[in-house]
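Residue numbers 18 to 263, in my numbering, belong to the letters of the sequence shown in order.
Hints were generated in silico from the structure; no laboratory data involved. Honestly, I wouldn't trust all of these hints.
[Unchecked claim] Restraint-style ranges between C-beta atoms, simulated for each label pair:
(1) E48 with T159: 13 to 21 Å
(2) Q50 with W113: 16 to 24 Å
(3) D165 with R86: 19 to 27 Å
(4) S129 with Q59: 39 to 47 Å
(5) A115 with R86: 19 to 27 Å
(6) H88 with H136: 23 to 31 Å
Even for Gly, the Cβ is constructed at its ideal location relative to N, Cα and C.
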Amino acid sequence: MPFTRSIIHDPTVPVPFNEANPIDFSLLDDEGQQNIYILNDQAPGRTHHLVIHNNSDQDLHFQSTAVRRRHIPAADNHHLELRFRPGTLDLDSISWIAVGTNDWRLHAEAISVPGDDIHDGSVSLYLLYYGEEDLVLGAGETMLLVLDHVKAGISGGSRGSRMELRYHVGADSDGNKQILTTELEDFLEENLLTPFLAGNPTHAAKDSDDPIRDFGQEMATALQAGNLDEEITLVLDAFLELETNG
Numbered sequence: 018m019p020f021t022r023s024i025i026h027d028p029t030v031p032v033p034f035n036e037a038n039p040i041d042f043s044l045l046d047d048e049g050q051q052n053i054y055i056l057n058d059q060a061p062g063r064t065h066h067l068v069i070h071n072n073s074d075q076d077l078h079f080q081s082t083a084v085r086r087r088h089i090p091a092a093d094n095h096h097l098e099l100r101f102r103p104g105t106l107d108l109d110s111i112s113w114i115a116v117g118t119n120d121w122r123l124h125a126e127a128i129s130v131p132g133d134d135i136h137d138g139s140v141s142l143y144l145l146y147y148g149e150e151d152l153v154l155g156a157g158e159t160m161l162l163v164l165d166h167v168k169a170g171i172s173g174g175s176r177g178s179r180m181e182l183r184y185h186v187g188a189d190s191d192g193n194k195q196i197l198t199t200e201l202e203d204f205l206e207e208n209l210l211t212p213f214l215a216g217n218p219t220h221a222a223k224d225s226d227d228p229i230r231d232f233g234q235e236m237a238t239a240l241q242a243g244n245l246d247e248e249i250t251l252v253l254d255a256f257l258e259l260e261t262n263g
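Let's have the full structure, built from the sequences with the hints guiding it.
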């Protein structure tokens with residue numbers, strides 16, 4: 018399999034960043050900013066755009082987590098899972114979140130603590146593709162999914178947060194089909210949660226004229242690849258310094 022062959026051959030050989038991290042993603046508002054807005058109770062959530070880019074030189078064939086083909090998105094039946102850390106989204110309004118892209122369905126669910134039945138505030142958006150064609154993202158190509166009615170939780174005020182994108186992709190190599198499972202955490206230490214309360218600025222965590230500063234973006238990627246003979250886990254850490262104006 019192209020993604021793991023060099024690792025299996027010699028685990029001491031560094032893996033190119035784009036090869037070990039085939040996907041970049043971001044969640045943008047209509048203005049192209051990495052913001053999720055805190056709104057009052059009556060206001061609907063805003064439209065956001067999940068942008069997924071294939072960094073690799075190989076086509077990515079996304080696989081559903083379900084054994085049987087079903088058209089109802091769930092924790093055990095999806096192609097993509099977008100997970101938000103505790104407190105990022107407004108739990109009272111997650112049932113309104115919908116996908117506005119053709120041939121996709123979405124189910125939002127509050128996540129329970131493992132081994133317990135207590136919700137810690139984390140939310141997963143399960144995205145299922147049910148089109149007739151296979152779900153393939155070509156090398157260097159970008160996929161856009163429209164997410165409607167997304168609203169931030171108000172309890173933590175304006176702060177940085179993070180998202181995690183989970184997915185399964187398969188590729189053919191020498192006639193053999195294998196599946197690569199990756200988990201990508203994107204730490205958005207920008208103004209990800211921005212107060213947007215018209216006529217109610219008391220919930221703002223900073224003054225409106227306070228310049229927004231970027232504290233950089235940290236990425237931690239865990240890549241797990243399996244083959245017929247052995248299982249290999251590769252953990253990479255990288256820190257990207259971002260430049261800002263002002």
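C-beta pair H88, H136: status relative to the range 23 to 31 Å that was hinted | holds, 26 Å
How does the Cβ-Cβ distance of S129 and Q59 compare with 39 to 47 Å: does it lie in that range?
-> violated, 29 Å
So the hint says 19 to 27 Å: do the beta-carbon atoms of D165 and R86 match that?
-> holds, 26 Å
Starting from the hint 16 to 24 Å, judge whether the C-beta atoms of Q50 and W113 obey it.
-> holds, 22 Å
E48 and T159, beta-carbon distance inside 13 to 21 Å?
-> With a Cβ separation near 18 Å, E48 and T159 satisfy 13 to 21 Å, so the hint holds.
Is 19 to 27 Å right for how far apart the beta carbons of A115 and R86 are?
-> holds, 22 Å
Checked against the numbered hints given earlier, the structure breaks only hint 4 and satisfies all the rest.
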